[in-house]
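> The residues making up each chain are set out below.
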Amino acid sequence: MPEYTTASRFQLSGLCFLLQIITIILFAVFVRYGPESSPGFCSQVAACPRHLQTHPSVPLPPGFRDVHLQALLGFGLLVAFLSRYGPGSVAISILIMAFAIQWAVLIQGFLHFFLNGKIYVGAQSMVSADFCTAAILISTGAVLGRVNPVQMLLLTLMGVILFTVNEYILLSLMGVRDSGGSLTVHTFGAYFGLMVSRILHQPHMDKCKKQQDTGNQPDVFAVVGTIYLWIFWPSFTSATTVRENAEPWAVLNTYFSLAASTLATLVLSPILHEEGTLRMVQIQDATLAGAAMMGMAGEMLVTPFGALVAGFLAGLIPPLGFRFLMPVLCSRLKIQDTCGVHNVHGLPGILGALLGTLLTALATADAYGGRLEFLFPLVAQGSWTATDQALCQLCALPITLLLAMLGGSLTGEFCLR
Amino acid sequence: MPEYTTASRFQLSGLCFLLQIITIILFAVFVRYGPESSPGFCSQVAACPRHLQTHPSVPLPPGFRDVHLQALLGFGLLVAFLSRYGPGSVAISILIMAFAIQWAVLIQGFLHFFLNGKIYVGAQSMVSADFCTAAILISTGAVLGRVNPVQMLLLTLMGVILFTVNEYILLSLMGVRDSGGSLTVHTFGAYFGLMVSRILHQPHMDKCKKQQDTGNQPDVFAVVGTIYLWIFWPSFTSATTVRENAEPWAVLNTYFSLAASTLATLVLSPILHEEGTLRMVQIQDATLAGAAMMGMAGEMLVTPFGALVAGFLAGLIPPLGFRFLMPVLCSRLKIQDTCGVHNVHGLPGILGALLGTLLTALATADAYGGRLEFLFPLVAQGSWTATDQALCQLCALPITLLLAMLGGSLTGEFCLR
Amino acid sequence: MPEYTTASRFQLSGLCFLLQIITIILFAVFVRYGPESSPGFCSQVAACPRHLQTHPSVPLPPGFRDVHLQALLGFGLLVAFLSRYGPGSVAISILIMAFAIQWAVLIQGFLHFFLNGKIYVGAQSMVSADFCTAAILISTGAVLGRVNPVQMLLLTLMGVILFTVNEYILLSLMGVRDSGGSLTVHTFGAYFGLMVSRILHQPHMDKCKKQQDTGNQPDVFAVVGTIYLWIFWPSFTSATTVRENAEPWAVLNTYFSLAASTLATLVLSPILHEEGTLRMVQIQDATLAGAAMMGMAGEMLVTPFGALVAGFLAGLIPPLGFRFLMPVLCSRLKIQDTCGVHNVHGLPGILGALLGTLLTALATADAYGGRLEFLFPLVAQGSWTATDQALCQLCALPITLLLAMLGGSLTGEFCLR
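First to last, the protein sequences are chains A, B and C. All residue numbers in the first sequence are consecutive under UniProt numbering, ending with 417. All residue numbers in the second sequence are consecutive under UniProt numbering, ending with 417. All residue numbers in the third sequence are consecutive under UniProt numbering, ending with 417.
Incorrect hints may appear among the rest.
Chain B is nowhere near these chain A residues, computed Cβ spacing over 10 angstroms in every case [unchecked claim]:
#, residue
1, Leu173
2, Leu320
3, Gly370
4, Leu403
5, Ser409
6, Cys415
Here are some of the chain A residues that sit facing chain B, going by a computed Cβ distance under 7 angstroms [said to hold, decoys possible]:
#, residue
7, Arg9
8, Ser13
9, Ile101
Have a look at the derived ranges for each label pair, beta carbon to beta carbon [stated by the list, open to error]:
#, chain 1, residue 1, chain 2, residue 2, range
10, C, Leu391, B, Arg417, 55 to 65 angstroms
11, C, Phe414, A, Trp384, 53 to 63 angstroms
12, B, Ala7, C, Phe324, 22 to 32 angstroms
13, C, Leu391, A, Leu354, 55 to 65 angstroms
14, C, Pro398, B, Arg417, 50 to 60 angstroms
15, C, Gly145, B, Leu406, 48 to 58 angstroms
16, A, Leu18, C, Gly145, 54 to 64 angstroms
17, C, Gln381, A, Trp384, 50 to 60 angstroms
18, A, Gln381, C, Ser8, 56 to 66 angstroms
19, B, Ile169, C, His273, 42 to 52 angstroms
20, C, Gln381, B, Ile25, 36 to 46 angstroms
21, C, His273, B, Leu18, 14 to 24 angstroms
22, C, Leu402, B, Leu18, 39 to 49 angstroms
23, A, Gln381, C, Asp366, 52 to 62 angstroms
For the record, the hints were derived by calculation from the structure and aren't laboratory data. Treat the numbers as computed from the prediction; the structure is a model and nothing was measured. We put the CB at the ideal spot given by N, CA and C, even for glycine.
Isolated chain A, as found in the complex:
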């Protein structure tokens, strides 16, 4: 967090106070807890801003509350991921998280309001807000250390709105299936942050120096973050795919992916780094990449073998990206990337979306059994072929990239300058 003057300190304090007051007033006017007997936030398929759109009347599965806890632990690791810039960056990350959650509940509620005329809040809208907050935290990873807290708050303000629009278009209008957020969380978050970083580029100030040379303390965070990731990310990725009496494919595939991506680090690291010591941050990056890879495909892979191959490939991306891609990005495209979100979230997210598209095209009732109705209800009902669904999933990628990059440019240009 850069040093700031007395004026900017009061500006930050005032803006923060204003935002909290506005949020409180909007909550007071619009937001209520859902009635006791209602099925919750997502009572109508068309307007459901989150992944539950295919089974609106199904009651919350047991353990849904815990899923929220685990989702929040997902933040723990993201915060640990952001900590590589130093301990101060953790403080600001948690503040961003606190604001983003409130704001996301509100904005996603407003979307619902315009469609249905009321805002009901419950455990489901909290999970929904968690996904949004994860995307915002990824975005901040690209600009950390070069923006002040006021700009961070404005980035959050705009990012949440754009995330909600993108998610609504993809999940509700187009019927795309992306339960773990390969597209909506990882790809959107990464490219939104990268474009903001591009706009904020200051030629005389920034230098394309290596980022990973931090001291000893971030290693502590990296260890805790990696363990968190291993434990809680599989559940985060599969938060909305819980089903009774079925093997949790999304969870198992994510574990296999994490295991393979971690080993991929050990394959590349001794070759790329002459000093030959393995850093915890490298393992944490590989773990995050392996998780981003399984965001869309996790619940679609029918064999553990596929998860191992995909995870291994995902684990190769961060070391190669940090070594070969980041210098080019920085010197040619003037995009700085403090925490390497492009290597860790952007590229693995895109690859995950492509893998998910491929698997969608190959989806058959034979392979999926009863899952098909859960995953692709329109295909199961016969009103759509698997190829139609795959085309739809494929179209979601350029739409997300467009919205993230356009939105990031406009946010950087008009809000953060």
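Guided by the hints, dock chains B and C onto chain A, whose structure is given.
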């Protein structure tokens, strides 16, 4: 932990051994696991030492076991909170926790024994002991660094007994509703510890210096502690309010409170601290204050907006308290407060109790629906008005303060000198 | 992790790549997710490689998925335990974990393949692989700092196979009950690692110096590790003993054991260490010893008092072992033990197995009620007396020791030299 001599080392070792042997013998004579088919520890309403007194015959909800896990994680953060005094303080905190749990199971069991003639132990008594241990850990936060381990053990010995008496009076005799422990845990723990600290004041030794100037390492604990708090405290606060098929109000309100209290830090911190850097411990304090605020009111708030306002106010207390109140407390009242438990637990706990009282007075069947019977069974049955219940909740505050302060004085005077 | 040359770096990278490719190919050929309606991995009692062999047709209890999460958290702490050798050791531990999970799923699957002709993978096989990985991580604790990553991978390769053979003999052929792995995890892991360490002894290089004198940073890991242990190990120990509508004895006993073993540290530490400061690693060691003690006996103890006594005794072992046993082991038997696995896992594991045997011999239908059928189905059916079962449990100890020590010697001699 102050250095201690050979004599005191053997004294500590001997006392610890003695306490463990006594505990083991008492366990051997009195404590048994509950029979397979029994409804557990709280089979009779009148004698139930913990919050389950309103629904004794209801079986344990699924996930109750996990609740215990999460309660223990609550300790994780309290231990992290105590760590601001240095790494050695964590070691002693965990020892206190280990002893307090055993002792609390025993003392709460004895209460049951005198009332019912047997001690049965199960998952419920473990949760009950967890709440007690949390209060003790808060108390130790006030005296950390100025008492030796032997005194810590004696403080635990007496604190557990007083906590059990206070809880029995409030929850069982008076029928007060305090599921998250605004009064029984936070207020009791803080003022008990503060009075012990007052008695142990040594004019020539203690100086009213600022406490928050610790090195770099506690920041690591503060980060881990804050993330733990965000994840597990909402469940701790609502451990005994779990209901099937209902939105978990206590959990959601606590989340909103945490989010608002965290932002409140960002509002005040740049104004109060000229150096302008945000410390993680400040965020951790705000988070704890936001949680203490929701202890009683969490399950009673019917709108998220109320939780945001209450959390925001709670988040303002610690920074203001550390800046303006603590020097006064120290110089005028001779009360030192190592970890600032008065700002973080005491005042927010009192405010939370007042808010809970207000909400109780406003409770109507319209607003609460089916929850009313769960929250205030006597009001729902019509044998009591909401005002009666509110008066009862209000009376609980001075009783708790009296017991905590009187008990703390006597403990400090007669046991720890 | 010792420095390694360019040649050995490429050797490591190549071996790692090769192992991952072989694993992927074997997964591709043999491993599939279980069919939707199948009862999972353990459909036949005789071939079930893990503890579920006594109730194959029972569906997964709710929360089983979470059990896996908690099992993985068990790794968190083991990794923290290994971290005492320095931050680099955490990185290699996580890599070993990533490889061991894949390899364990495969090897345990192969066992099933030879018996049943197919490999089905699901949540149960993941839990099974977690137990195996825990044993491997314990083994690596004995040799950490004196072997290179290539040797670590080979140790994992062989250790997983031997663990699977030992577990198959004990649980499936002999019908031994060891739900928390006193024998299969702690004893096997410790003695396997110690024998490898013995074989790798290099007289001119190794010196029997004290190990616990590490810097400040491991204390952070020890704090986090101990809190993890307290929260998640009780569930790990009782992962396969979950039953509906019954007090979770295994969980409660483990908690009581942890509490007593932690206090035991405070009894011994002031006497043994003149400097008189309590180190977090000592508390972590005591916690692990208390957990290892309850591995087999946790679900068999009918009174909390027994758990307190057993835990207290277990907590005395690590401080005494580090002070008196380790120098002898090192100077006489030429066995170095980097992380003290003999004190923390080996001896408490053996004691736990003996306690479990004693409790088995005393098992009666009166004391256990409906649990007897769950714990010892053959005894409950009357086809076996409790004494038979106890003899069987007793024989498991020398078999495990033999397999671990013979296997460790051969692995050290032929694979790691």
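> So which of the earlier hints does this model not fit?
No numbers; nothing is violated.
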